[in-house]
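K.L.:
Here are the chains, one letter per residue:
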Amino acid sequence: MTTLADMGGRAEFYGPVQHVPEEPAFHADWERRAFGCAVFASGVLNPTGPDLDSARWAIEQIEPEDYLGPYYWRWLRGLELQLEQLKWLRPGEVDARIQGEPPLPGGRHVAKVQTKVAGATLRMIARPTLPRWMAAHLLPRVIGGNRPTLRRPRFKVGGAVRVRSERIDTHTRQPGYVTGKPGTIVGNSGAARFSDERALGRRSKPQYVYTVAFAGRDLWGEAAEPDTEVRIELFESYLEAP
Amino acid sequence: MTAADPRAIRVEAVESLLAEKGLVDPAVVDTIIEHYETNVGPLNGAKVVARAWTDPAFRNRLLDNGTKAIAELGFGGPEGAMMVAIENTPDVHNVVVCTLCSCYPWPVLGLPPTWYKSSEYRSRMVAEPRKLLGEMGLEVPATKKVRVWDSSVEARYLVIPERPAGTEAMSADDLAGLVTRDSMIGVAVATVPGSD
Chain A
5 MTTLADMGGR AEFYGPVQHV PEEPAFHADW ERRAFGCAVF ASGVLNPTGP
55 DLDSARWAIE QIEPEDYLGP YYWRWLRGLE LQLEQLKWLR PGEVDARIQG
105 EPPLPGGRHV AKVQTKVAGA TLRMIARPTL PRWMAAHLLP RVIGGNRPTL
155 RRPRFKVGGA VRVRSERIDT HTRQPGYVTG KPGTIVGNSG AARFSDERAL
205 GRRSKPQYVY TVAFAGRDLW GEAAEPDTEV RIELFESYLE AP
Chain B
4 MTAADPRAIR VEAVESLLAE KGLVDPAVVD TIIEHYETNV GPLNGAKVVA
54 RAWTDPAFRN RLLDNGTKAI AELGFGGPEG AMMVAIENTP DVHNVVVCTL
104 CSCYPWPVLG LPPTWYKSSE YRSRMVAEPR KLLGEMGLEV PATKKVRVWD
154 SSVEARYLVI PERPAGTEAM SADDLAGLVT RDSMIGVAVA TVPGSD
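For the record, the sequence lines run as chains A and B.
For the first sequence, our numbering begins at 5 and goes up steadily by one.
For the second sequence, our numbering begins at 4 and goes up steadily by one.
Hints listed in this document are in silico derivations from the structure and should not be mistaken for laboratory results.
Model, not experiment: these values are computed from the prediction.
Among these hints, one or two may not hold up.
Here are the computed distance ranges between Cβ atoms for each label pair [claimed, not checked]: (1) ASP70/A <-> PRO59/B: 43 to 51 Å; (2) GLU165/B <-> GLU27/A: 22 to 30 Å; (3) ALA164/A <-> PRO59/B: 29 to 37 Å; (4) ILE12/B <-> ARG156/A: 50 to 58 Å; (5) GLY225/A <-> GLY137/B: 18 to 26 Å; (6) LYS160/A <-> ASP58/B: 30 to 38 Å; (7) PRO107/A <-> GLY137/B: 53 to 61 Å; (8) ALA227/A <-> VAL195/B: 32 to 40 Å; (9) ALA145/B <-> LYS160/A: 26 to 34 Å; (10) ASN63/B <-> TYR18/A: 35 to 43 Å; (11) ARG156/A <-> GLY180/B: 46 to 54 Å; (12) VAL121/A <-> GLU171/B: 49 to 57 Å; (13) GLY19/A <-> ILE12/B: 26 to 34 Å; (14) LYS147/B <-> PRO51/A: 44 to 52 Å.
Each residue gets a CB set at the ideal place from its N, CA and C atoms; glycine is no exception.
So that you can see chain A by itself, here it is in the shape it has in the complex (with noise of 0.2 Å):
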């Protein structure tokens, strides 16, 4: 099963990459704002830290003209669904408010602490530089998905692999272009939260995580340009022993 958000190398997707090499970070205030709105919103919903396999899940369900339009658009349908799911706003509720209705009696609200709490946290890293002890040690604890284990890691660094032929539909780190190709674990990152289940709010226990390198021909075989690898980082569940 292939998803739209799942594109290496799918030949539909191909053409010429409009490349503009000092490119701003936005193109219209509209951005800016779909932009600053997700990570308050994030930061509200997540106090523990962000979420972002929930996010990119939420993203990868919204319709496909919304996905292939301009990316902080993606960013703002992707946070109204989500909104949606979790019962902060009410299906139509957007739309009644651009064609200037009133407010909807009811609905839930955040609590005043809870705003504060984001909008401190957020203050707090947007500086232009950070303590160092901040950004080496708190932060990647907050914010990354690492997480400690009593289980051994079941795949050694420079052991071959394969993935998994089979690639679930919902929100994956597995990419369609690697399932079923052998491989080579050429780093293991430690274990972290399982994205495949959290995206779905399932708790899980945390996995590791390795680095797998692939030939390019063992991924296009003949096609395959000379001497080139891609290397990804992939869940333990989606490797076997080759």
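Using the hints, position chain B against chain A.
P.N.:
Just chain B now, with coordinates in the frame of chain A:
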């Protein structure tokens, strides 16, 4: 951009609703935007690379643990929980993509440019990197391996381009001026002094 842009109207409607519900504080949204437009950008990464070029002990720390070494310069935060520096050498050229979304090392490069997030770049870079790099102005010699890093889980990659020849006398500050965003993604090499 006109006031009638339906995307702008929708974003404004969403922001006003979220502000009423306490999901957004517009004043802090201003701060976040300003932060990513002024504080965070490729100049941060350029400082890291220039330091690595001029300070062998720092280079070793950077290759050993990117997050901790980059934190020495005060850079870190969202999308930088596990920074990994990868070094270009005479034998290997490295280039970064995110085929599944648009993962990018924000603390050192800022927010990603549109082309990096495009369907064309995401689909092609893993499958035909030499051809695509050539179209983007970088011919990688056949004697060099091309290694494509597809960002997917924890690691966010910073390419350390090769230091151009003839720059031995330059200070770290001046060297940073040679390190472009594109060279730290791997779709270009560092600028050769006097070439522009």
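K.L.:
Does each hint fit the structure? Answer for all of them.
P.N.:
Each hint, compared with the structure:
At roughly 49 Å, the beta carbons of ASP70/A and PRO59/B sit within the given window of 43 to 51 Å. At about 24 Å, the CB distance of GLU165/B to GLU27/A agrees with the hint of 22 to 30 Å. Distance hint check for ALA164/A and PRO59/B: the Cβ-Cβ separation is about 35 Å, which falls inside the suggested range of 29 to 37 Å. For the pair ILE12/B and ARG156/A, the supplied restraint of 50 to 58 Å holds, since their beta-carbon distance comes to about 55 Å.
Taking the beta carbon of each, GLY225/A and GLY137/B are about 21 Å apart, inside 18 to 26 Å as hinted. Taking the beta carbon of each, LYS160/A and ASP58/B are about 34 Å apart, inside 30 to 38 Å as hinted. The hint said 53 to 61 Å for the Cβ distance between PRO107/A and GLY137/B, and at roughly 55 Å that hint holds. For the pair ALA227/A and VAL195/B, the supplied restraint of 32 to 40 Å holds, since their beta-carbon distance comes to about 34 Å.
Evaluation of the 26 to 34 Å hint for ALA145/B and LYS160/A yields a pass: the beta carbon distance comes to about 33 Å. Look at ASN63/B against TYR18/A: about 40 Å separates their beta carbons, and that is inside 35 to 43 Å. For the pair ARG156/A and GLY180/B, the supplied restraint of 46 to 54 Å holds, since their beta-carbon distance comes to about 48 Å. Remark: the range hint 49 to 57 Å for VAL121/A to GLU171/B is upheld by a beta-carbon distance near 51 Å.
In this structure the supplied range 26 to 34 Å holds for GLY19/A paired with ILE12/B, their Cβ-Cβ distance being about 30 Å. Against the hinted window of 44 to 52 Å, the Cβ-Cβ separation of LYS147/B and PRO51/A comes to about 47 Å, which satisfies the hint.
Against the hints set out earlier in the document, no violation occurs for any number.
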